[in-house]
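J.: Going line by line, the protein sequences match chains F and Y.
Numbered continuously in my numbering, the first sequence closes out at residue 362.
Numbered continuously in my numbering, the second sequence closes out at residue 293.
Simulated from the structure, these hints should not be mistaken for laboratory data.
If you're wondering where the values come from, they're calculated on a predicted model, not measured in any experiment.
Glycine is no exception: its CB is placed at the ideal position from the N, C-alpha and C atoms.
Hints should not be assumed to be uniformly reliable.
Unchecked claim - Listing some non-contacts, in silico: residues in chain Y with all C-beta distances to chain F over 12 Å:
1) 98
2) 141
3) 191
4) 198
5) 229
6) 257
7) 275
8) 281
Claimed, not checked - Using C-beta positions, here's what the derived DEER-type ranges look like:
9) F:340 x Y:191: 47 to 55 Å
10) F:15 x Y:209: 55 to 63 Å
11) F:313 x Y:191: 39 to 47 Å
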Amino acid sequence: MIELSALNKSFGFTAALSDITMTIEDDEYLTLLGPSGSGKSTLLRLIAGLEKPDTGSIFINGQNVVGLPPHQRGLGIVQQNYALFPHMTVQQNVEFGLRWREENPVTDEKELARRVGATLELVGLNGFENRGVGQISGGQMQRVSLARTLVTEPKVCLLDEPLGALDANLRERMTLELRRIRDTLGVSFLHVTGNENEALAMGDRMIVLDQGHVVMIAPPDVLYNLPNSMRVAQVLNAYNILGGQSRDNGFEHGGKLLPLPEGVKEAANYAIRYDAAKIVPQDDPSALLQVTFLTSEFTGGGVTYFMRGPDGVFEVERHLSRADPTVYTSGQALGVTWDAKDALVYDAQGVLIGDAQMRGAA
Amino acid sequence: MSAENIQSNPRFLIRNKHYWLLAPGIVWMTLFLVVPLGMMVYVSFWTQTTFAISNDLTLKSWQTFFASETYFGALIRTIRIWLTVLFLTILIGYPAALFIGQMVRNKTTQTVLLVACVIPFWTSFLIRVLAWRPMLGKEGAINILLQKLGLIDAPIEVLLFTELAVIIGMVQIYVVFMVGPIAFMLARIDQSLIEAARDLGASGWTIFRKIILPLSLPGVVVGAIFVSVMVLGEFATSSALSGRKVNLLGNIIVTQVGSLKWAFAAVIGVVLTAVMALVVTILLRIVDLRKEL
Chain F
1 MIELSALNKS FGFTAALSDI TMTIEDDEYL TLLGPSGSGK STLLRLIAGL
51 EKPDTGSIFI NGQNVVGLPP HQRGLGIVQQ NYALFPHMTV QQNVEFGLRW
101 REENPVTDEK ELARRVGATL ELVGLNGFEN RGVGQISGGQ MQRVSLARTL
151 VTEPKVCLLD EPLGALDANL RERMTLELRR IRDTLGVSFL HVTGNENEAL
201 AMGDRMIVLD QGHVVMIAPP DVLYNLPNSM RVAQVLNAYN ILGGQSRDNG
251 FEHGGKLLPL PEGVKEAANY AIRYDAAKIV PQDDPSALLQ VTFLTSEFTG
301 GGVTYFMRGP DGVFEVERHL SRADPTVYTS GQALGVTWDA KDALVYDAQG
351 VLIGDAQMRG AA
Chain Y
1 MSAENIQSNP RFLIRNKHYW LLAPGIVWMT LFLVVPLGMM VYVSFWTQTT
51 FAISNDLTLK SWQTFFASET YFGALIRTIR IWLTVLFLTI LIGYPAALFI
101 GQMVRNKTTQ TVLLVACVIP FWTSFLIRVL AWRPMLGKEG AINILLQKLG
151 LIDAPIEVLL FTELAVIIGM VQIYVVFMVG PIAFMLARID QSLIEAARDL
201 GASGWTIFRK IILPLSLPGV VVGAIFVSVM VLGEFATSSA LSGRKVNLLG
251 NIIVTQVGSL KWAFAAVIGV VLTAVMALVV TILLRIVDLR KEL
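Please build the complete structure, drawing on both the sequences and the hints.
T.: Next up, the structure:
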């Protein structure tokens, strides 16, 4: 178990991380989502010991490891660019940590071959032992990098945007692979990513980091359905966020009065999920907002419609299993509507209003 | 058949017209490198008499070279001094390059330090070599300093007009050609490799031995080629700092040409060229530069 307590780190005058307190449990898959520049790689490097925190402590199984070098922390880090040793074969790369570590290296060739073989088998690369790392594909390099870390049997494995450099097809396969590998070994994974879908799909729990602060830690479904702050909703890239103010038991936005969820009187921001909104004709009585159609994007399983609303782009997602895609022309005037109970509202500080527990259950 | 050739020839020229880009280079290199090299080999078999040279082919100059203690000794001496200078430039240059390429992480500082290494080249070769005389001489700076400090009673005479002086002078001039390429290769090593190795538990020494050294080896080879080619052809440093006592192959060529012994000078030229070609070939065998650069 890793506990981070009040971690701070700045570079020059810029605070990269402020007051990070969180726990990584044993045997869990934790994803860390944040936009670029949010400090997610810095946090990983602090935990790994590649950077020193300015203040705060990192406890691994109760022991404060601030000041300990990386290899004495019992962690493994898989770097974003794989960091494979270019002059070595796959075998030599994977066995590096066992053969050349300072403390209790493995010198028995049979033992080395057995452990490297078992790990390569786990990542699906048996038979590649004697290839040079320049002769394998990006996805295979990713696996070698993972194998090189896993062969040393770390308690926690830190992955820095492990799928970032892979193409979409490979990324999907590695997503499943990573989960399978983790389940087999029972080690904890801390997976840093800038991709919200990856974070949602892979994590048992998910952390959202923004401007050096932890803004939410929750299981992915809770986090997706009930982002506890506006920043989380923005990072998820799944919510239309509308500004305005509450008036007459409603929410005024762009000259229209939008319905507030039950039991809410005051709000400063209003969020509606892309897939909770629906496009209707302009003069439909249920239309809550008047919008102008801009363009649409076919995503395979669905269509995302982009419209110009009173204050910025309004997106609506429609799953094609429900209906055929409707074709609109650019500049066409339309209306959008949604169910008041699907709306989330936030106060002026960007904090979610309402009893989250109750609404989550409903 | 011939009609077909005439028809296809212009098309061949048009299709491969990018080869014309090579024409100026080929003409230049043929006129000023290939032809003179062939000429040198040819002249080395000419008959040399005291005042004249004729193009009757003979092996006499070659026999003189390998039979004479002076000339064959010069070949051995050249190789010995080359190996010593090469070893010393690596010994002195590698740590400096390691500092510039790995310890200094700021690109600007790296450049400043590398430029600082080149500053001695802003003075002329002659001045750089001759400046060693007042440094190394019997009443030179080093001897005076050591005597003032009471470390020695009598001046060290071996410092100037000896093989040692030649080696000191050459190492000083050529060490920068070792520092540059090595520092370049070292600076290209991705820091994440070193972080990964450290994370995997390797000690600093192991990281150097297993990661940094192998990855910088191409730099060492390029530096060694620079230094070797320059040292093997040297004559100015050795004549200026040894008082003409240390004769390298280059010095002998200068003397022979000076006394119009063209055939003999050509023999030494061929030998020198062969030695250089051999050295460069061996060095290139150590690493596959095409793969590494």
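J.: Would you mind marking each hint as holding or not holding in the structure?
T.: Cross-check of the supplied hints:
no., hint, result
1, 98, "17 Å, holds"
2, 141, "45 Å, holds"
3, 191, "9 Å, violated"
4, 198, "6 Å, violated"
5, 229, "26 Å, holds"
6, 257, "46 Å, holds"
7, 275, "30 Å, holds"
8, 281, "22 Å, holds"
9, F:340 x Y:191: 47 to 55 Å, "54 Å, holds"
10, F:15 x Y:209: 55 to 63 Å, "39 Å, violated"
11, F:313 x Y:191: 39 to 47 Å, "40 Å, holds"
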